[in-house]
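A.B. asks: Sequence:
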Amino acid sequence: VYFHGGQNQRGSAQDELFQGDLITRNKEYPVIFVSFDFRLGLFGWIQGYGATANLGLRDQQMALDWVQKNIAAFGGNPHKVTAWGHSEGANDILAHLVSPQSNGLFQKAIL
Numbered sequence: 001v002y003f004h005g006g007q008n009q010r011g012s013a014q015d016e017l018f019q020g021d022l023i024t025r026n027k028e029y030p031v032i033f034v035s036f037d038f039r040l041g042l043f044g045w046i047q048g049y050g051a052t053a054n055l056g057l058r059d060q061q062m063a064l065d066w067v068q069k070n071i072a073a074f075g076g077n078p079h080k081v082t083a084w085g086h087s088e089g090a091n092d093i094l095a096h097l098v099s100p101q102s103n104g105l106f107q108k109a110i111l
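According to the UniProt record's numbering, the stretch in the sequence shown is residues 1 to 111, in order.
No wet-lab data here; the hints were simulated from the structure.
Given the structure is predicted, the values throughout are model-derived calculations rather than measurements.
Treat each hint with caution, since some may be false.
Claimed, not checked - Below 25 Å or equal to it, Euclidean Cα-Cα: the simulated DSS-like pairs (lysine-lysine) are: (1) K108 with K27; (2) K108 with K80; (3) K80 with K27; (4) K69 with K80; (5) K69 with K108.
Stated by the list, open to error - Estimated spans, in silico, between C-beta atoms of each pair: (6) V31 with K69: 31 to 39 Å; (7) R25 with Q101: 18 to 26 Å; (8) P30 with R10: 26 to 34 Å; (9) A90 with V31: 16 to 24 Å; (10) R58 with R10: 17 to 25 Å; (11) N77 with L42: 32 to 40 Å; (12) F74 with L42: 31 to 39 Å; (13) K108 with R25: 37 to 45 Å.
All residues carry an ideal CB built from backbone N, CA and C; glycine is no exception.
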């Protein structure tokens, strides 16, 4: 599952640079590439003293939960989900690694 970068302010699953086609071409090691969008900026990452809503992180958890529930229908294994990202996407994965609400949503991480 790919987490795009962009400082949680910009970027999307549709970024041409990270479509996953190079990864999925390798027939020797089959991979199912999953990418998703999540709320950005003020709508997803409220900052400041007393801020409790982190809807961007929640969107990511919902995407990971969807993968757990549905990846088998695409030939994947929900017990072998790898979260990977670059830049802020990698930082977001670090947040999931310490979040109890993200426990069990993925088994490996590439940062």
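A.B. asks: Per the hint of 32 to 40 Å, is the separation of the Cβ atoms of N77 and L42 within bounds?
C.D. replies: holds, 37 Å
A.B. asks: Using the C-beta atoms of V31 and K69, is the stated range 31 to 39 Å upheld?
C.D. replies: About 19 Å separates the Cβ atoms of V31 and K69, which means 31 to 39 Å is violated.
A.B. asks: Next pair to validate is K108 with K80; report whether the Cα-Cα distance is within 25 Å.
C.D. replies: Roughly 8 Å between the alpha carbons, so the hint for K108 and K80 holds.
A.B. asks: Could one say that the CB atoms of K108 and R25 fall in the range 37 to 45 Å?
C.D. replies: Since K108 and R25 have Cβ atoms about 21 Å apart, the given range 37 to 45 Å is violated.
A.B. asks: Does the Cβ distance between R25 and Q101 fall inside 18 to 26 Å?
C.D. replies: violated, 34 Å
A.B. asks: Falls inside 17 to 25 Å, the C-beta gap from R58 to R10?
C.D. replies: holds, 19 Å
A.B. asks: If you draw a straight line from the CA of K108 to the CA of K27, is it 25 Å or shorter?
C.D. replies: Cα-Cα ~21 Å, so holds.
A.B. asks: Within a Cα-Cα threshold of 25 Å, do K80 and K27 meet the stated pairing?
C.D. replies: Roughly 18 Å separates the two Cα atoms, so the pair holds.
A.B. asks: Next pair to validate is K69 with K108; report whether the Cα-Cα distance is within 25 Å.
C.D. replies: Holds - the C-alpha atoms of K108 and K69 are around 17 Å apart, at most 25 Å.
A.B. asks: Is 31 to 39 Å respected by the C-beta to C-beta distance linking F74 and L42?
C.D. replies: holds, 34 Å
A.B. asks: Decide if the proposed pair is consistent with the structure: K69 and K80, CA atoms, cutoff 25 Å inclusive.
C.D. replies: Holds, because 13 Å separates the two Cα atoms, which is no more than 25 Å.
A.B. asks: Take the C-beta atom of A90 and the C-beta atom of V31, compute their distance, and say whether it sits inside 16 to 24 Å.
C.D. replies: Cβ of A90 to Cβ of V31: about 19 Å, so the range 16 to 24 Å holds.
Hints 6, 7, 13 from the list above are not met by this structure, while the remaining hints are.
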